[in-house]
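**Q** So you can see what is in the structure, the chains are spelled out below.
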Amino acid sequence: MAKSPRRVAGRRLLLPLLCLFFQGATAILFAIFVRYDQQTDAALWHGGNHSNADNEFYFRYPSFQDVHAMVFVGFGFLMVFLQRYGYSSLGFTFLLGAFALQWATLVQGFLHSFHGGHIHVGMESLINADFCAGAVLISFGAVLGKTGPAQLLLMALLEVALFGLNEFVLLCLLGVRDAGGSMTIHTFGAYFGLVLSRVLYRPHLEKSQHRQGSVYHSDLFAMIGTIFLWIFWPSFNSALTSRGDGQPRTALNTYYSLTASTLSTFALSALVGKDGRLDMVHVQNAALAGGVVVGTASEMMLTPFGALAAGCLAGAISTLGYKFFTPILESKLKIQDTCGVHNLHGMPGVLGALLGALMTGLTTHEAYGDGLQSVFPLIAEGQRSATSQAIYQLFGLSVTLLFASAGGVLGGLLLKLPFLDAPPDSQCYEDQMCWEVPGEHGYEAQEALRVEEPDTEA
Amino acid sequence: MAKSPRRVAGRRLLLPLLCLFFQGATAILFAIFVRYDQQTDAALWHGGNHSNADNEFYFRYPSFQDVHAMVFVGFGFLMVFLQRYGYSSLGFTFLLGAFALQWATLVQGFLHSFHGGHIHVGMESLINADFCAGAVLISFGAVLGKTGPAQLLLMALLEVALFGLNEFVLLCLLGVRDAGGSMTIHTFGAYFGLVLSRVLYRPHLEKSQHRQGSVYHSDLFAMIGTIFLWIFWPSFNSALTSRGDGQPRTALNTYYSLTASTLSTFALSALVGKDGRLDMVHVQNAALAGGVVVGTASEMMLTPFGALAAGCLAGAISTLGYKFFTPILESKLKIQDTCGVHNLHGMPGVLGALLGALMTGLTTHEAYGDGLQSVFPLIAEGQRSATSQAIYQLFGLSVTLLFASAGGVLGGLLLKLPFLDAPPDSQCYEDQMCWEVPGEHGYEAQEALRVEEPDTEA
Amino acid sequence: MAKSPRRVAGRRLLLPLLCLFFQGATAILFAIFVRYDQQTDAALWHGGNHSNADNEFYFRYPSFQDVHAMVFVGFGFLMVFLQRYGYSSLGFTFLLGAFALQWATLVQGFLHSFHGGHIHVGMESLINADFCAGAVLISFGAVLGKTGPAQLLLMALLEVALFGLNEFVLLCLLGVRDAGGSMTIHTFGAYFGLVLSRVLYRPHLEKSQHRQGSVYHSDLFAMIGTIFLWIFWPSFNSALTSRGDGQPRTALNTYYSLTASTLSTFALSALVGKDGRLDMVHVQNAALAGGVVVGTASEMMLTPFGALAAGCLAGAISTLGYKFFTPILESKLKIQDTCGVHNLHGMPGVLGALLGALMTGLTTHEAYGDGLQSVFPLIAEGQRSATSQAIYQLFGLSVTLLFASAGGVLGGLLLKLPFLDAPPDSQCYEDQMCWEVPGEHGYEAQEALRVEEPDTEA
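Sequence order for the protein chains is A, B and C. Quick note: the first sequence uses this note's numbering, first residue 1, plus one each step. Quick note: the second sequence uses this note's numbering, first residue 459, plus one each step. Quick note: the third sequence uses this note's numbering, first residue 917, plus one each step.
Be aware that a few hints might be false.
[Unchecked claim] Here are the simulated lysine-lysine pairs, DSS-like style, with alpha carbons at most 30 Å apart:
#	chain 1	residue 1	chain 2	residue 2
1	A	Lys416	A	Lys207
2	B	Lys665	A	Lys274
3	A	Lys323	A	Lys207
4	A	Lys207	C	Lys1190
5	B	Lys781	B	Lys732
6	B	Lys732	C	Lys1250
7	A	Lys274	B	Lys874
8	A	Lys334	A	Lys323
9	B	Lys790	B	Lys732
10	B	Lys781	B	Lys665
11	C	Lys1250	A	Lys416
12	A	Lys323	A	Lys274
13	C	Lys1123	B	Lys732
14	C	Lys1332	C	Lys1250
15	B	Lys790	B	Lys874
16	A	Lys207	A	Lys334
17	C	Lys1239	C	Lys1190
18	C	Lys1190	C	Lys1248
Hints in this document: simulated from the structure, not taken from any laboratory.
Turn these sequences into a full structure, and let the hints steer you where they fit.
**A** Below is the structure:
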């Protein structure tokens, strides 16, 4: 509890300096490189020959807002389940997310839309940046409660760069399809975070064990996150799929997959629960696995039945993961996975990549007709067979796992830098480390109430 | 408290088996019957001659997402007002809703869009399935806290089938108009639930009375539900009304009606409250009656004034219902209506059906011009006079009340099956029946805190 | 605590009578004056020659729903941070908002769209009414906890009228640009509320000081408000900007500005916090200043860098305002600003107006091309130079400050009317004044638990 004055002074300056330095650096890079794209710039748009209704905005904006809500409301509140870590869960989600959006704009811009010395940003950039922020927040879930904000900012710095690189290799170099990011977002974010958590392994974390669970209200707050993720996931997967049939098909597949993962989660949770009781952790997380598992395949001709089957399987695996695999992960593999991202994003993400490869291999010209061009342009143009595209999909998964693991190791070593002010083992999962905390746990407001009480009794 | 081992074993298997059986059955039926519709299928869409912007998706998707949010966030959190039943309220909303979406897709598909041996699903199917899930959750509100999850799944099984049948009779056979579902959703859902609750009457429910109220925080959670329902209701009523003028008119009428029901709710709540105090129950529920009461009429030329008048009346009746009618309902009619669905959905739903009939009877060619075709095709085509259409509307209300009541009786008898594991009278409104519950009410986390305290004092 | 029976009787009638009178009056005015506009009326729409996709609804509705969510979910929950005032914060937001929407429709209708003896309402009217309700809720933030519902309704009555007038002078008479309302909404709402709070100065407010802070859970509820405001702010600023490039550019600028204000808020909060700790009040509020500061300039060619710079500055100023300026505001200027609206809406609003004037002065034909017409029609048509338009912008700010201050004084005097039942100094920030409050603070539910306990122990 007692801190050296120097350490306190260090912390006082560390976070402000990092924030201001990062903000300053991205602002300078924005000034030099970032410009409005043709849909967003007044002169360029009006120079073109199109009706206002053709603007990308009207095809993407409602989905963008849903994705934005998922990243900040969804991931943010999902992590409020911890009893004394709600400020940090929401606050650091906010901080990491905001930084990731700026930095991802630059990284993705340099790799995807750098023309004539400039990055051109528009609706798609915003959605892509939100996707990247989503991956960062998935990794945050693995190390939640055991890392300080300065560590997390450095994690985001590294992860966004590697995310952009991995995405570039998959989508641009390998021609892999991954509209909803089973690989690029979920698998990458999960294994990056898990490997990082392994490097940061804390053998004496049991000192904070009493804060690692939820309380009644914190579980209700977490359900805000769950439900917003669940309802908006169809927008997440379809935000960048092709206009016309692509967006509704993706949304519809995701919708049905999620209903199935919900049913299988309840079934398995009751089956493995003590006295047949349901477990809130399963409902909060595993019910969402249906969205992850169709991240790659939902834009394909998966069929509504295929969506149900995939969701059902993902919900079951995820629930069993929480029950049986998470404890082993900690005891045997020394991976402390606070939110169970391995169960929600890791395994369902890999499963989603495999499902995507399977659906790709089964692609026929009959099933897609003239729509093949927008889902599998390389097959439609005769450059690849369905089988070879499927092999590329599997190769994309391997590349992702490689990037994520290497990044996690690198990130872990980076975060071990001693001046980054990691919380001690006994102060994990505790908002007081970084926040002024009022009431209920014995602070100002509580004091005031204590002072008041004698008056009432007198 | 003490349970026979056999009962526990039964429960352990009952819910998993039901979930898996239902999921398996719908999956098989999906595999056989459900196909993408022309807007969603790659080959069919690209075979047609249309621009991508014509896809139904761009006219319906934002409204669909709002409806989806209302059903899961809105209805879910609205029921969290009970102090010890938040997990169940949110969890069973999730479970029932997910199952209802799948099952409604099949039932509505067989009745509405079964062509060439297949059900064709697209944006409208998703919205219709959400509407049906909404009706199931209204019924859930009537029996909240007094039923287990297995009972609720069976209720949903029956209710979805009857909902689809009633909807088919009204919209397809009788040619009744009911865009926002004053009859098909609210009246049906409410009276189905109320009659079912009557059949399940518990004379000794006072044993759980101390859990039947709210606590401070649970009321704030419930307000999440209220406000999301309130803001998105314009989308609920307009999600399936005609393109062009139909959607904005419906949304606008609903918007104004809700402002009026809010004002009249506050007025009446303070008027009948102890010492002029406002009651959160009224604000959480009756303020929404304005959305219900224009469910039928909001697509019509109701005029903004008509919307205000209807909303004002609905808010007042609903508030008075909570104050004076709910107690009578329990004491005289033996209907225990946990959420007061009779006040929010029952009476305003019937009132909405009557308002719809009135507006229908007042329809003129002058008021609608060439727009008459899309609101009242049968009148526009000269097959019916306005008066005869109005009589059909009233007949639709009667049919709905009949289906709902018969369904409620049937459902009540079904849910009385002894192996369905209903909670005992003393354990109603209690999450512990079905959930692992941490903290605050004396479980693990609390234990940990107690252990910790001596350390702090030492 | 003891009240005279007459006072209680007065209160019992005051709020109901005000609500019903206001509702009755607006309903009558709606009946006489308000009609559907050409996009919403069946006959008028079908009389025109356009495709359904041209309807304003499809360009504005998704943004409208986001704005609606911001006003009721965002502003509502943001004010739940007070430990014992959650019912009032949410309930009065609801009441004031609903009344403001109706009354603003009339006021703005008379001033902006009164043709042929009628006000014509459609999508834009709904958005404009929501904007006005937003301003009323900003003022509510300044007097939160110190005013009763009857006082607040009268405040809304006056403020909506003056808001409409100020907006009319700026947008219609002076030709000022202010799409996201840095002046018309934020500056106006903040200074109206602050001056009003000054007139209502309570020298003995410390009697309620122990209720003026937050508790752990109330801060989490407030974050619901913060995050929904943050994610949907791009829709707020772009809801009424021009079709085509205008809406995406405005949304994009707002998005980046908010990321920057979030980073600078965290930096400054940690810098000025005790032991380098972060303060939830800053994160809840100052992180949003980026949305306010680009309210005027976001539709202009601000550039992504400009958005970052503006947001960064606004977040920093707002955080420093909470830390250093709010205490002075109370001690020296006798302005008790409950939510710190001066920091979130006042200073960033004025800054936003200045930024707007700067960007206006820098306008060139090259930067906007043919798009100049839709952002600065008077410059495009040659009626004004960029400099003279910039001077008009500054003049608009002065007019706004004048209207707001005069309105605040007038409002303060009005709210001092003794029969309006203001809460006594010792009962401020306390829900019990106006609401039936259960549990946790020693009411019914708590009683029930006490009764139960002996049974358990016996």
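**Q** If a hint holds in the structure, say so; if it doesn't, say that too.
**A** Here's how the hints hold up against the structure:
Between lysine 416(A) and lysine 207(A) the CA atoms are separated by roughly 20 Å; this keeps the pair inside 30 Å, and the hint holds. Proximity of lysine 665(B) to lysine 274(A) is assessed by CA-CA distance (about 26 Å); at most 30 Å being required, the pair is judged to hold. With a CA separation close to 22 Å, the supplied pair lysine 323(A) and lysine 207(A) stays within the 30 Å bound. With a C-alpha separation of about 26 Å, the suggested pairing of lysine 207(A) with lysine 1190(C) holds against the 30 Å cut-off.
With a C-alpha separation of about 11 Å, the suggested pairing of lysine 781(B) with lysine 732(B) holds against the 30 Å cut-off. With a C-alpha separation of about 36 Å, the suggested pair lysine 732(B) and lysine 1250(C) falls outside the 30 Å cut-off, and the hint is violated. This hinted pair checks out: lysine 274(A) and lysine 874(B) have alpha carbons roughly 26 Å apart, not beyond 30 Å. With a CA separation close to 17 Å, the supplied pair lysine 334(A) and lysine 323(A) stays within the 30 Å bound.
Between lysine 790(B) and lysine 732(B) the alpha-carbon distance is near 24 Å, which keeps this suggested pair within the 30 Å criterion. Distance hint between lysine 781(B) and lysine 665(B) is fulfilled; the C-alpha atoms sit about 22 Å from each other, no more than 30 Å. A distance of roughly 50 Å separates the Cα atoms of lysine 1250(C) and lysine 416(A); the hinted pair therefore is violated under the 30 Å criterion. With a CA separation close to 11 Å, the supplied pair lysine 323(A) and lysine 274(A) stays within the 30 Å bound.
Simply put, lysine 1123(C) and lysine 732(B) have alpha-carbon atoms about 26 Å apart, close enough for the 30 Å limit, and the pair holds. A C-alpha spacing of about 16 Å is found between lysine 1332(C) and lysine 1250(C), which places the hinted pair at or below 30 Å, so the restraint holds. Restraint check for lysine 790(B) and lysine 874(B): satisfied, since their Cα atoms lie roughly 22 Å apart, inside the 30 Å limit. With a CA separation close to 16 Å, the supplied pair lysine 207(A) and lysine 334(A) stays within the 30 Å bound.
Among the hinted pairs, lysine 1239(C) with lysine 1190(C) is consistent with the structure: their alpha-carbon atoms are about 11 Å apart, no more than 30 Å. For the hint linking lysine 1190(C) to lysine 1248(C), the alpha-carbon distance of about 24 Å falls within 30 Å, and the restraint holds.
Of the numbered hints listed earlier, those contradicted by the structure are 6, 11.
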